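Protein chains in written order, with the working numbering: chain A, 23 to 108; chain B, 797 to 1200.
Any given hint could turn out to be false.
[Claimed, not checked] Derived contacts from chain A toward chain B, CB cut-off under 10 Å, selection only:
| no. | residue |
| --- | --- |
| 1 | Gln39 |
| 2 | Ala40 |
| 3 | Gln43 |
| 4 | Asp44 |
| 5 | Glu45 |
| 6 | Ala59 |
| 7 | Gly62 |
| 8 | Tyr63 |
| 9 | Leu66 |
| 10 | Ala67 |
| 11 | Glu70 |
| 12 | Thr71 |
| 13 | Ala72 |
| 14 | Arg77 |
| 15 | Arg82 |
| 16 | Ala84 |
No lab work stands behind these hints, which were simulated from the structure alone. Note that this is a predicted model, so its numbers are computed, not measured. Backbone N, C-alpha and C define an ideal beta-carbon position, used for all residues, glycine too.
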Amino acid sequence: MTTGEITIDDLRATLRQAAGQDEATDLDGDIFDVTFADLGYDSLALLETAARIERERGIRLADSTIVEAQTPRALLAAINAQLVLA
Amino acid sequence: MTVAVVTGLGVTSPNGLGVDNFWSAARGGANAIAEIERFDASGYPAKLAGEVRGFVADEHLPSRLIPQTDRMTQLALVAADWALDDAGVRPEQWPEFDMGVVTASSSGGFEFGQGELKNLWSKGGQYVSAYQSFAWFYAVNTGQISIRHGMRGAGSVVVSGQSGGLDAIAHARRQVRKGAGLVVSGGMDGSICPWGWVAQLGSGMVSSATDENRAYLPFDLRAAGHVPAEGGAMLIVEDAQRARARGARVYGVIAGYGSTFDPKPGAGREPGLRRAIEIALADAGMEAADIDVVFADGAAIPELDSVEAAAIRDVFGAAGVPVTAPKTMTGRLCSGAAPLDVAAALLAIRDGVIPPTVNVVPADGYDLDLVTTTARNATIDAALVLARGYGGFNSAMVVCRSAD
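Work the whole structure out from these sequences, hints included.
Structure representation (structure tokens):
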């Protein structure tokens, strides 16, 4: 199991693995506050991404937490909050 | 009534990716049946299949679509892209509710589903892909094509085994008659994976032969089952007037269609295939003499071959029409088979050539004029395509040369 805080680069890598990358977006740019919708990811893409992070980190996130986190900053905050508790 | 025409073809067949490769292989009698490479089939009673080789999804589709799609959906998306391109259609220039999608499916995304079942049982539910929710589903090809091209008009899937390939195209014609400007239609299947293989073996109709030239021999005394295959074809079906107005090249008209269901086994009544042919001819306003070639279903089960030969004889007379089964080169593509035959029939009309039924020595008793070994040149204005689905489905479709 991977430990430590999850970074934006970890999230980028997991998004690419789980759901690919929209050709029209620059995932490597400053995406902290870009909405997942604008990055080309729908709720299923986020559920699949979150499931992979949960498996790697040994945490559980509520589906509502995942869907309500509209930006990478919000999702990272939710995940890292769980990691502190884990 | 509105005339529905075919203006674009997209083919992913075991014997060719793309219309030109497929058609040149089919005319040349190239057999694509071979030992299975997609999984280790050495422990199974059947080891031959018609696989689509050399298809790399990443080369054709955006990375967003790869993790969420089964192989048969990847094939369907690419065939749809090619068909639209062939038709000169740029979907972004069309009103989105003017375009629909009607595909056939017989198994859904088996290979994807197998992978996720394996994850479930070996690792646990949290390892099952979120995309399993739809990637296995019969309607997924229709949905993915619709989303990719913004086609928000009528969308449906027809599930009736091999005959579904014709039933879907007939439903596309129905949608065009109701006012749709364009419908992407056809069928794509592919379940050459252990789970899909076992499901197909369960029919008891799969050939266990190991010689690729003797494995699938419809209308032959040696017939002992078929070889399963993957792939299919997508067609662009349009309103003839509107196609003409935009200057589209027309392959041909979907002129007639009929479908029937067989009586209960043991009922002692005639199977439904002959009636399906007659309904299709009547729907096309044609007589038997108007048909220049029949693309047979070619089950390669003696009893079913006998039923098909009798139906063709009853309608056309003994050796009364050239008959061919080019699927002897590919195996049976489930719901993809008939759309591929419709594509071949339209190309036969265009080029005046009937692709052959390879490897088959026709049994005398069937009294069919089977085009064997090599292609036959002939003027073809109208073709009849037959397809039967497991469990009693019969469908027949007439396609013909466009009047203008």
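Evaluation of the provided hints:
| no. | hint | in the structure |
| --- | --- | --- |
| 1 | Gln39 | holds (8 Å) |
| 2 | Ala40 | holds (6 Å) |
| 3 | Gln43 | holds (5 Å) |
| 4 | Asp44 | holds (6 Å) |
| 5 | Glu45 | holds (5 Å) |
| 6 | Ala59 | violated (13 Å) |
| 7 | Gly62 | holds (6 Å) |
| 8 | Tyr63 | holds (8 Å) |
| 9 | Leu66 | holds (5 Å) |
| 10 | Ala67 | holds (8 Å) |
| 11 | Glu70 | holds (4 Å) |
| 12 | Thr71 | holds (9 Å) |
| 13 | Ala72 | holds (9 Å) |
| 14 | Arg77 | holds (6 Å) |
| 15 | Arg82 | holds (9 Å) |
| 16 | Ala84 | violated (14 Å) |
This entry does not satisfy hints 6, 16, going by the numbered hints stated previously.
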